[in-house]
Amino acid sequence: MSHLSQFQTFLLLSILKIAVVLVITLTAVAYTVLLERKVLGRMQNRWGPSRTGPFGLLQPLADGIKLFLKEDLLPLAAERPLFIIAPIIALACSLISISVVPFGAVQHVKGVDMFAVADLNIGLLVILGITSIGVYGIALSGWSSNNKFALLGSLRATSQMISYELALGLSLVGVVLRAQSLRLRDIVDSQAAHGALSWNVFGGFQFVAFFFYLMAAYAETNRSPFDLPEAESELVAGYHTEYSSMKFAMFFMAEYANMITVACVATLLFFGGPASPFGHLIPAFGGAIVQAVLPVLWFVAKVLAFLLLYIWVRGTLPRFRYDQLMSFGWKFLLPLAMLNIIVTSLVMALRG
Amino acid sequence: MQLALFLIFGALAVAGAINLLLQRHPINSALSLVVVMMSLAVLYWSLGAEFLAAAQVIVYSGAIMVLFVFVIMLLNAGEEERTTGSRIAYIAGFPGAAAIFCLLSFVFLSERKAMGGTDLGGYLSHSVNNIAEISRLLFRDLLLPFEVTSILILVAILGAVVLARKEQ
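Protein sequences appear in the order of chains A and B. When you read off a place in the first sequence, starting at 1, and then add 56, the result is the number in my numbering. When you read off a place in the second sequence, starting at 1, and then add 255, the result is the number in my numbering.
Just so you know, the hints here were simulated from the structure itself, not pulled from any lab data. These numbers come from a predicted model, not from an experiment. Some clues are possibly wrong.
[Said to hold, decoys possible] With a straight-line cut-off of 25 Å between C-alpha atoms, the simulated DMTMM-like cross-links for lysine to aspartate or glutamate are:
{"no.": "1", "chain 1": "A", "residue 1": "LYS204", "chain 2": "A", "residue 2": "GLU135"}
{"no.": "2", "chain 1": "A", "residue 1": "LYS122", "chain 2": "A", "residue 2": "GLU92"}
{"no.": "3", "chain 1": "A", "residue 1": "LYS73", "chain 2": "A", "residue 2": "GLU290"}
{"no.": "4", "chain 1": "B", "residue 1": "LYS421", "chain 2": "A", "residue 2": "ASP169"}
{"no.": "5", "chain 1": "A", "residue 1": "LYS204", "chain 2": "A", "residue 2": "GLU127"}
{"no.": "6", "chain 1": "A", "residue 1": "LYS387", "chain 2": "B", "residue 2": "GLU402"}
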């Protein structure tokens, strides 16, 4: 590739990175659905999908084909352009935020960082901003369906997401204070000194913030125990009642992609990202390639652990009531997250 | 590259603003305003103000405009009626707008030396972290005005709560 200019190399490698990350994310989304069905099945003493392929491994493929081939219904009274744009907004926003996540150690090939699509110095703010734009997809889908259940579901989802966005943002401030940067790589580096002992959740004494983040993130992704927008006993299916075929699949994929993003952010901010929990205890083994791939494996393992936690929580906890949800967010999470900021900054000021 | 970014998002902002005026349904107008704000955020970013860009997206398009859309959805506002508009608006409005445009561009062009220029998108290539600079300015040099502004906003919120509370 010596005859290519700097810009051309950058462009080609960036397109390659985007394609690889997109394919892996979408596959991960499909198999997270399968994982959830299998694990939930085991928790409820049944098998889960087991007929399609060995251990039901081809089930996501079969589901995908089914959703593609189904008839795409469009309600007569729906607001046409918005009804079609809404799932696109939801899916696009949930996929864009993956692009700022660094999923491996810094590894430059021809001056391009290979293990992150984009390394921005406001990476954390970009993730928060894109999450706040994702609200539009849900709000518009409910309104444009012209269906009262869809509207109620989308109103619930929107108010819930706006309320918990505050607690989510505030719970991350302690981590930013410790790293003194909003760049995700800097935040990872600030936890890299002594393996697991220096992770923000243990050595950084941010475990309170971690639990606040976890609760706010579950509400932000509309997952149980905060899945009121899709409470099927009250609202049919919530905001995507009127959607069928691929448009429904897009909402479905957006929800699971959001889960993966939230798991990635929790890993990066509180669990040292791609860093090994053993730090420098284990001597470097293998060649350069093994050392480059090993952090990615740690990252994937941590994200997988968070996804399993999601499923475990869904299998365990009952749903909140709506007023409980609001008072929990505004009267419990928000003040305590602020208190965490004050205590963290006081401790940092006294030490430094 | 940077010039292309500026042209694309500048055009998008102008198109969104015109669409905002032309659309008859309030929710479409609100969504065009979101497009305008997002394009402005990209322009801020290309000028090196990445914190301003993120704040623009999070605060304006993520919070304030969601509230707008929420209100429109709840009030179930219908399509607005087309009127021909008042004659004064035609007689005074168009020449006035043109005069203000000419005046502003004359001032900007004639005082170009005094105001100084900026390299379009030149800040994208080398990453300057201006968040530390902004926070130093806000929390050290201009601490008092900043805190007074926060209290002003708090007073406004309290006023809204008092106005919205039901009489006992």
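Comparing the hints with the structure gives:
1. A/LYS204 <-> A/GLU135: Roughly 14 Å between the alpha carbons, so the hint for A/LYS204 and A/GLU135 holds.
2. A/LYS122 <-> A/GLU92: holds, 19 Å
3. A/LYS73 <-> A/GLU290: violated, 43 Å
4. B/LYS421 <-> A/ASP169: violated, 58 Å
5. A/LYS204 <-> A/GLU127: The hint holds at about 23 Å.
6. A/LYS387 <-> B/GLU402: The given pair, whose Cα atoms are some 24 Å apart, holds under the 25 Å limit.
Going down the numbered hints, you'll see the structure goes against 3 and 4, while the others check out.
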